[in-house]
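Novice: Sequence:
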Amino acid sequence: MAIETTKMEGTVKMEGTVMSRKMHSQYMLLSTVAIIMSVTAPAVAQAQANDAVPEAADADGSSSTVDEIIVTANKREQKLSDVGVTVTALSGAALKAQGISDIASLAQLTPGLTYAPTPSSTPVYTIRGVGFFEPSLAAYPDVSLYLDQVPMPFPVLATHVAFDLERVEVLKGPQGTLFGNNATGGAVNLIHAKPTPTFEAGADLSYGRFNTAELNGFVSGPISDTLTARFAIRAVRGDDWQKSYTRTNQPVPPEYLAVGVPDNPGRRQDTLGAKNNTAARLTLDWKPSDRLSTSFVLTGWLDRDDPTAPQKIATQPGNLPGSTGPAGTVPADLPIFLYPVAPNNARAADWTPSIRPYSDSKYWQTSLRADYELNDDLTLTSISSYANLRFLNANEYDGTALIATDLARDYGRINTLSQEIRLANAPRNPLRWVLGGNLERSRVYEVIDYRYVDASTFFVLGLPANRYDSDQKMRNYALFGNVEYDLADWLKLKGGVRHTRANRSTVNAGYQAPGTSEPGPFGPDATTNFFNAIYQAVFGPRVPLVTVGESYVIDTRVNPDGTPVDPATYLIPGPFRDKLKERNTSWSVGVDIKPKQGLLAYLNVSKGYKAGSYPTLSGVIYDAYSPVVQEKLLSVEGGIKADLFDRAVSFSGAAFYYDYQDKQTRAKFVDPIFGPLDKLVNVPKSKIKGAEAEISLRPVEGLTMTAGVTYLDAKVDKYVGVIDEATDPVSGLRIPVTASFSGVDLPFAPDWQYSARADYNFPLSQSLGGFVGIGVNGQSKSIGILTVSEAERSVYEINARAIVNANIGIKSSSGDWKVQIWGKNIFNKYYWTSTIRAYDVVIRYPARPAEYGVTLSHRF
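Residue numbers for the sequence shown follow numbering that gives the first Met the number 0, beginning at 0 and rising by one.
Accuracy of the hints is not assured; some may be wrong.
[Stated by the list, open to error] Here are the in silico distance ranges between beta carbons for each label pair:
no., residue 1, residue 2, range
1, 442, 359, 17 to 23 Å
2, 639, 352, 24 to 30 Å
3, 847, 807, 17 to 23 Å
[Stated by the list, open to error] Each computed DSS-like pair below joins lysine-lysine, with the alpha-carbon atoms no more than 25 Å apart:
no., residue 1, residue 2
4, 780, 688
5, 828, 780
6, 242, 95
7, 95, 78
8, 493, 361
9, 817, 193
10, 78, 493
11, 606, 580
12, 493, 578
13, 578, 472
14, 667, 686
15, 74, 717
16, 667, 780
17, 78, 595
18, 593, 78
19, 714, 606
20, 286, 242
21, 686, 717
22, 686, 810
23, 688, 95
24, 361, 472
25, 78, 193
26, 717, 780
27, 631, 74
28, 74, 493
29, 684, 714
30, 631, 688
31, 286, 74
32, 780, 714
33, 593, 493
34, 631, 595
35, 606, 493
36, 828, 810
37, 717, 631
38, 631, 714
39, 667, 717
40, 493, 717
Hint data in this document are derived by calculation from the structure and do not stem from the laboratory.
Just so you know, even glycine gets a beta-carbon here, dropped at the ideal spot from N, CA and C.
Work out the full structure: start from the sequences and follow the hints.
Specialist: Here you go:
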């Protein structure tokens, strides 16, 4: 195979079977760490008794019954089959067998859960059609994320924490009474592995396609009679997986050059998508007495992965050809309009070479949990945590080599402090209760440098770039209680309530971006001069002039009678400042019926809330920054759980109905100067109906089979939104054209989602065993935005898919080592996870293509 080398930004990029020099050194580092662990661990183990318990994840499935999973969905340890809520629980063994190492991949195994990336590299999770597609760092989710009950209030914080896990619990439906605000869709609780009473250690070293190496390792055991510790690490290094379809090792086609695609005189294949991330966790469990136990956890990660470049799939001009403005007229042959769309190939993409996507983010979180038994019946629990994120990346937005819509620099920081205190009685009581309170204090700052010199905006308005930021503070307080009462051995009543006070403030601003002087009608300080000219022309000399470095955002809000909403800020450029104070009371009531052991039926009615939010976006007028208010979801859900045939079969099913009010989403509004831009809006009323089922069975010894399916009917019931723009004949400014969205599908809510998996373990000899597994997961088609247009549906559609993964290997009968070959998306299905508009174009984010590799595992 031929080897192509390209000198890019000081590193050598290579196409073919030979690693880059940089990657070679990284693999050597990972290999060295693995060797050190394998050499030193036996020596350390000699100090321990030789009866260390093997890791639970190495269970061989030889039992004839389905494994019983313990969950904490009600903040008590309970058998999954005894919990009257809909929970998908996955063991650490299942996660490892299927190569799940992040929450995004978890969506493949959990019908009803979807993942979507955003232009700012912030993830969006949706459960049963309930999600909040908002890329801002400060956006609270609809699906709350927890690390062993410790909150991660902003989704980006959980980017690399899903390693060394004991299990994962995905709770579906409103979880507000116990898990707090911002859990209208549900909650994901990652349970990390705990320190062990005897010495244990292990390492998993993987090598796969795109020269991807991954090391997972842990060391665990006692330090003293009262103190145990566990240290775990995960490191991933990999080469680029995306290829530019315009900058290849061949001459740029003449038809590409003719429409404005930049030349590539070096004839070098440009690539993107390298992996470079590391995460670690230290856990210290201290039990100084029989009544007091504490757990200290420090988790952190470094992320230097290349963000995924989107693919341009259509042209949708922000300013139509022929549009005129202060800077001139939009030409019909504008390169961003004619730029070739990406081929239907997961690896084909394009990005701006001079603004190469990158990330350099750092995160750490510390938590302390203390459980004190006041007496034989009462336990007081305190969970304290503090988290800090420093976020930095550059993102390709328009999917082309042009500077049409690029986030040249996205910097942010998050500081969040949380505290929970709760008191609970013993689970043996017929009346069980939990009382507690929460507080959260967070501050999120984000600033973005936005470049668009090749966009239609520049040709109309003469603006090449701008900078915008937001500084948001959150203060949340809550009191909660939950109770269960056994009326009889077979009948349980339950209920819960939580009252929340949520306060948020914001300062948003737009500025001239530094270092972006461009020739044009407004001179070197184009942004500042432009807004001064526009404001003077539209509003007259009463508007103060903006100087370089000052915010140009202007308050144009008026009451129905024409008077200013706020006379102090009316027509005065400056930062947008606002406060949002909200109060709500979440509640739940339900009944569990257990006519016999192994059979449970339940009915739950609950109401949950998600706090209001401010955006981080590029706006000109105050209306662009106005918040969305809190959303509300009323849920009615009934289900059944059954263990059959002496627990050889486990089945669960549920049906649900959601009355969804004031759903928060990004939509379009018409800025009077720039035209259609993003804005947060509330959708007054939506309805979601659905059902789901899961089954696990072991028909013969060594064979485990699982399957799950979710059906959704998720639609807007009442909403009038912007679909186009027109020109006001008097002022010449742009005005919106609206339509009813009643009956429109909610985004990221496919009608069907499913997963199925079969794993077979079998003996090869007295000392060796074999295993093989195959799984399929998929969904029907869905859509990435709210739209009433059939033409737009075809553009913004997220395709249906069925993804097949498989693995095969051998292991020792004692479980101390194994080797496996694995494949992900083995039939190389091309699919994507979100579609959005990037001003002049429509883009989508492709999922990774087929990957395959080998993993070596050893336990000590």
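Novice: Does each hint fit the structure? Answer for all of them.
Specialist: Now for the hints, and whether the structure bears them out:
1. Roughly 21 Å separates the CB atoms of residue 442 and residue 359, a value that falls within the hinted 17 to 23 Å.
2. For the hinted restraint 24 to 30 Å between residue 639 and residue 352, the CB-CB distance of approximately 57 Å leaves it violated.
3. Remark: the range hint 17 to 23 Å for residue 847 to residue 807 is upheld by a beta-carbon distance near 21 Å.
4. The straight-line distance between the Cα atoms of residue 780 and residue 688 is roughly 17 Å, inside the 25 Å bound, and the hint therefore holds.
5. At most 25 Å may separate the alpha-carbon atoms for a hinted pair to count; residue 828 and residue 780 meet this at roughly 14 Å.
6. Between residue 242 and residue 95 the CA atoms are separated by roughly 30 Å; this puts the pair beyond 25 Å, and the hint is violated.
7. About 22 Å separates the Cα atoms of residue 95 and residue 78, which keeps this hinted pair within 25 Å; it holds.
8. Taking the CA atoms of residue 493 and residue 361, the gap is near 42 Å; set against the 25 Å cutoff, the hint is violated.
9. This hinted pair checks out: residue 817 and residue 193 have alpha carbons roughly 23 Å apart, not beyond 25 Å.
10. For the proposed pair residue 78 and residue 493, the alpha carbon gap of about 17 Å is at most 25 Å, so the pair holds.
11. Using a Cα cut-off of 25 Å, the hinted pair residue 606 and residue 580 holds, with the two alpha carbons roughly 20 Å apart.
12. Proposed proximity of residue 493 and residue 578 is contradicted: the alpha carbons are some 37 Å apart, above 25 Å.
13. For the hint linking residue 578 to residue 472, the alpha-carbon distance of about 9 Å falls within 25 Å, and the restraint holds.
14. In summary, the hint linking residue 667 to residue 686 is supported, as the alpha carbons are separated by about 22 Å, within the 25 Å threshold.
15. Restraint check for residue 74 and residue 717: the C-alpha separation of about 37 Å exceeds 25 Å, so the hint is violated.
16. Under the criterion of a C-alpha separation no larger than 25 Å, the hint pairing residue 667 with residue 780 is consistent with the structure, at around 23 Å.
17. In summary, the hint linking residue 78 to residue 595 is supported, as the alpha carbons are separated by about 15 Å, within the 25 Å threshold.
18. Using a Cα cut-off of 25 Å, the hinted pair residue 593 and residue 78 holds, with the two alpha carbons roughly 14 Å apart.
19. The suggested pairing of residue 714 with residue 606 holds, with an alpha-carbon distance near 19 Å, which does not exceed 25 Å.
20. Between residue 286 and residue 242 the CA atoms are separated by roughly 54 Å; this puts the pair beyond 25 Å, and the hint is violated.
21. Under the criterion of a C-alpha separation no larger than 25 Å, the hint pairing residue 686 with residue 717 is consistent with the structure, at around 10 Å.
22. For the hint linking residue 686 to residue 810, the alpha-carbon distance of about 50 Å lies beyond 25 Å, and the restraint is violated.
23. Between residue 688 and residue 95 the CA atoms are separated by roughly 33 Å; this puts the pair beyond 25 Å, and the hint is violated.
24. With a C-alpha separation of about 21 Å, the suggested pairing of residue 361 with residue 472 holds against the 25 Å cut-off.
25. Only pairs whose Cα atoms come within 25 Å are accepted, and residue 78 paired with residue 193 is accepted, the gap being roughly 19 Å.
26. Between residue 717 and residue 780, the direct Cα distance comes to roughly 23 Å. Compliance with the 25 Å bound is thereby established for this hinted pair.
27. Distance restraint check for residue 631 and residue 74: the Cα-Cα separation of roughly 23 Å lies within the 25 Å cut-off, and the hinted pair is therefore satisfied.
28. Straight-line distance between C-alpha atoms of residue 74 and residue 493 comes to about 14 Å, which keeps the hinted pair within the 25 Å bound.
29. Of the supplied pair hints, the one linking residue 684 and residue 714 holds, its CA atoms being roughly 9 Å apart against a limit of 25 Å.
30. Of the pairs offered as hints, the one joining residue 631 and residue 688 holds, with about 16 Å between alpha carbons and a cut-off of 25 Å not exceeded.
31. In summary, the hint linking residue 286 to residue 74 is supported, as the alpha carbons are separated by about 20 Å, within the 25 Å threshold.
32. With a C-alpha separation of about 15 Å, the suggested pairing of residue 780 with residue 714 holds against the 25 Å cut-off.
33. The suggested pairing of residue 593 with residue 493 holds, with an alpha-carbon distance near 14 Å, which does not exceed 25 Å.
34. With a C-alpha separation of about 36 Å, the suggested pairing of residue 631 with residue 595 is violated against the 25 Å cut-off.
35. Between the alpha carbons of residue 606 and residue 493 the distance comes to roughly 14 Å, so the proposed pair stays at or under 25 Å and holds.
36. Of the supplied pair hints, the one linking residue 828 and residue 810 is violated, its CA atoms being roughly 30 Å apart against a limit of 25 Å.
37. Between residue 717 and residue 631 the CA atoms are separated by roughly 15 Å; this keeps the pair inside 25 Å, and the hint holds.
38. With a C-alpha separation of about 16 Å, the suggested pair residue 631 and residue 714 falls inside the 25 Å cut-off, and the hint holds.
39. Using a Cα cut-off of 25 Å, the hinted pair residue 667 and residue 717 holds, with the two alpha carbons roughly 17 Å apart.
40. Restraint check for residue 493 and residue 717: the C-alpha separation of about 33 Å exceeds 25 Å, so the hint is violated.
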